[in-house]
Amino acid sequence: METSTIDKLLGAAAMKRDLLREQPNHYIVRAMLAGMYVGMAVVMAFRLAQPFYEAGSPATYFINAIFFGVAFCLILYGKTELFTSNTMYMVVGAMKKTTNWMDTLRVWGACYLGNLVGILFFTGLIIMTGLFATMDPSESYLITAAEKKMNLPYSEMFFRAILANWLVCLAVWIPLQVKDDIAKIALMILFVFTFFISGYEHSIANMALFSIALTAPHTALVTMQAAIENVVIVTLGNIVGGAFFVGVLYTYLNSAKKEAAVQSKVKAASGERTALEK
Numbered sequence: 033m034e035t036s037t038i039d040k041l042l043g044a045a046a047m048k049r050d051l052l053r054e055q056p057n058h059y060i061v062r063a064m065l066a067g068m069y070v071g072m073a074v075v076m077a078f079r080l081a082q083p084f085y086e087a088g089s090p091a092t093y094f095i096n097a098i099f100f101g102v103a104f105c106l107i108l109y110g111k112t113e114l115f116t117s118n119t120m121y122m123v124v125g126a127m128k129k130t131t132n133w134m135d136t137l138r139v140w141g142a143c144y145l146g147n148l149v150g151i152l153f154f155t156g157l158i159i160m161t162g163l164f165a166t167m168d169p170s171e172s173y174l175i176t177a178a179e180k181k182m183n184l185p186y187s188e189m190f191f192r193a194i195l196a197n198w199l200v201c202l203a204v205w206i207p208l209q210v211k212d213d214i215a216k217i218a219l220m221i222l223f224v225f226t227f228f229i230s231g232y233e234h235s236i237a238n239m240a241l242f243s244i245a246l247t248a249p250h251t252a253l254v255t256m257q258a259a260i261e262n263v264v265i266v267t268l269g270n271i272v273g274g275a276f277f278v279g280v281l282y283t284y285l286n287s288a289k290k291e292a293a294v295q296s297k298v299k300a301a302s303g304e305r306t307a308l309e310k
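If you count the sequence shown from 1, you need to add 32 to reach our numbering.
Rather than coming from a laboratory, the hints here were simulated on the basis of the structure. Take these hints with a grain of salt, some might be off.
Capping the alpha-carbon separation at 25 angstroms, the derived lysine-lysine pairs in DSS-like fashion look like this [claimed, not checked]:
no.	residue 1	residue 2
1	Lys-40	Lys-216
2	Lys-216	Lys-111
3	Lys-128	Lys-40
4	Lys-128	Lys-111
5	Lys-111	Lys-211
6	Lys-111	Lys-40
7	Lys-129	Lys-40
8	Lys-111	Lys-129
9	Lys-211	Lys-40
Per label pair, the in silico range of CB-to-CB distance [to be verified]:
no.	residue 1	residue 2	range
10	Asn-183	Ile-229	17 to 23 angstroms
11	Ala-165	Ala-87	18 to 24 angstroms
12	Asp-39	Gly-88	48 to 54 angstroms
13	Glu-54	Val-264	39 to 45 angstroms
14	Ala-218	Ile-260	22 to 28 angstroms
15	Glu-171	Thr-255	15 to 21 angstroms
16	Glu-188	Lys-211	23 to 29 angstroms
17	Ser-287	Ser-89	44 to 50 angstroms
18	Leu-285	Asn-132	19 to 25 angstroms
19	Pro-90	Gln-257	14 to 20 angstroms
The beta carbon of each residue, even a glycine, is placed where N, CA and C say it ideally should be.
Using the sequences and the hints, build the whole thing.
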C-alpha cells in the first residue's frame, strides 16, 4: 500500500515540475486559486464562529476549526497548488530522483508566490464586500485571533508550524491509500480539523487571516511587521513539518520495507539452494 502511495506522489511531483516548466502561467493560476480557496475558508470559518465568540461560547474554536477542512477539499479536488503540501511532494520526488532539488526549489518558490498573489487578490474582493468594514475590532474574533498569532514567541510559532504541516501533509498522504471519495473527504477534514483546533500555525492560512485583518478595522497589536515575522517563521516550520516528518521519513520507511523484502527473498533462495545440495 505504501509503495502505491509513493508512486502516486512521484507522479504528482513530476507533473508539478513539468507544468511549471511547460506552462508556468497555468501553474501560477493554480497556485493563486489555492490561495483564494484558503481565503474563502478563513472568511467562512471566522464568520461562522463570530456569534459564538460574542456569546462567550466554549464552542467558538470548535466551530471555527471544523469547517476549515473545506478549503483543503477545494484545493485537492480543484487540482490547485498549495505550498505546504508541496513541501512533501517535491521532497519525495527529489529523494527518489524522479525530480531534483532544483525542481523542488522552483516549485516551492512559484507555488508560494502564487498562493500569496491569490490571497491578496481575494483580500481585495473581501474589501469590496464590506463584510469586515464595520466590525468593532475589540469584538471581532478574526482580529483577536490575528493578534494572538502575531504576538506569539518565535519558538512557539516555529514548533506549532512543524506540527501543523505534519498533519496537513498526512491529510494528503493517508487519503491516497483510500479509494472511496467520501472517505477521502472525511479523512482530509479530520486531519485539518486536528491541526486547526490544536492551535498550530499554517503559513498560507496565516497569510489570508493577516491580509484580511490588516485591511479591516484592527487594534494596534495587528501590524504589518508582526504579520511578516510570523509568516516567515511559520513558513520555515511548515517546511520542516512537511518535508522531513512526512516526505523524508515515509520515503525512508518505504525504502526500508523494500530492502527487507529483498533480503527475505535472498534468504529464501539461499535456503532452497541449501536444501537441494543436501
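To see whether the hints hold, each was checked on the structure:
1. Lys-40 x Lys-216: holds, 15 angstroms
2. Lys-216 x Lys-111: holds, 15 angstroms
3. Lys-128 x Lys-40: Holds, because 12 angstroms separates the two Cα atoms, which is no more than 25 angstroms.
4. Lys-128 x Lys-111: Given that 25 angstroms is the threshold and the Cα spacing comes to 23 angstroms, the pair holds.
5. Lys-111 x Lys-211: holds, 17 angstroms
6. Lys-111 x Lys-40: holds, 14 angstroms
7. Lys-129 x Lys-40: holds, 14 angstroms
8. Lys-111 x Lys-129: Within the cut-off at roughly 24 angstroms; holds.
9. Lys-211 x Lys-40: holds, 13 angstroms
10. Asn-183 x Ile-229: 17 to 23 angstroms: holds, 20 angstroms
11. Ala-165 x Ala-87: 18 to 24 angstroms: holds, 23 angstroms
12. Asp-39 x Gly-88: 48 to 54 angstroms: holds, 50 angstroms
13. Glu-54 x Val-264: 39 to 45 angstroms: violated, 31 angstroms
14. Ala-218 x Ile-260: 22 to 28 angstroms: Distance hint for Ala-218, Ile-260 is violated at roughly 36 angstroms.
15. Glu-171 x Thr-255: 15 to 21 angstroms: With Cβ atoms ~20 angstroms apart, the hint holds.
16. Glu-188 x Lys-211: 23 to 29 angstroms: violated, 39 angstroms
17. Ser-287 x Ser-89: 44 to 50 angstroms: holds, 49 angstroms
18. Leu-285 x Asn-132: 19 to 25 angstroms: holds, 22 angstroms
19. Pro-90 x Gln-257: 14 to 20 angstroms: violated, 33 angstroms
Going through the hint list in order, the structure does not satisfy hints 13, 14, 16 and 19.
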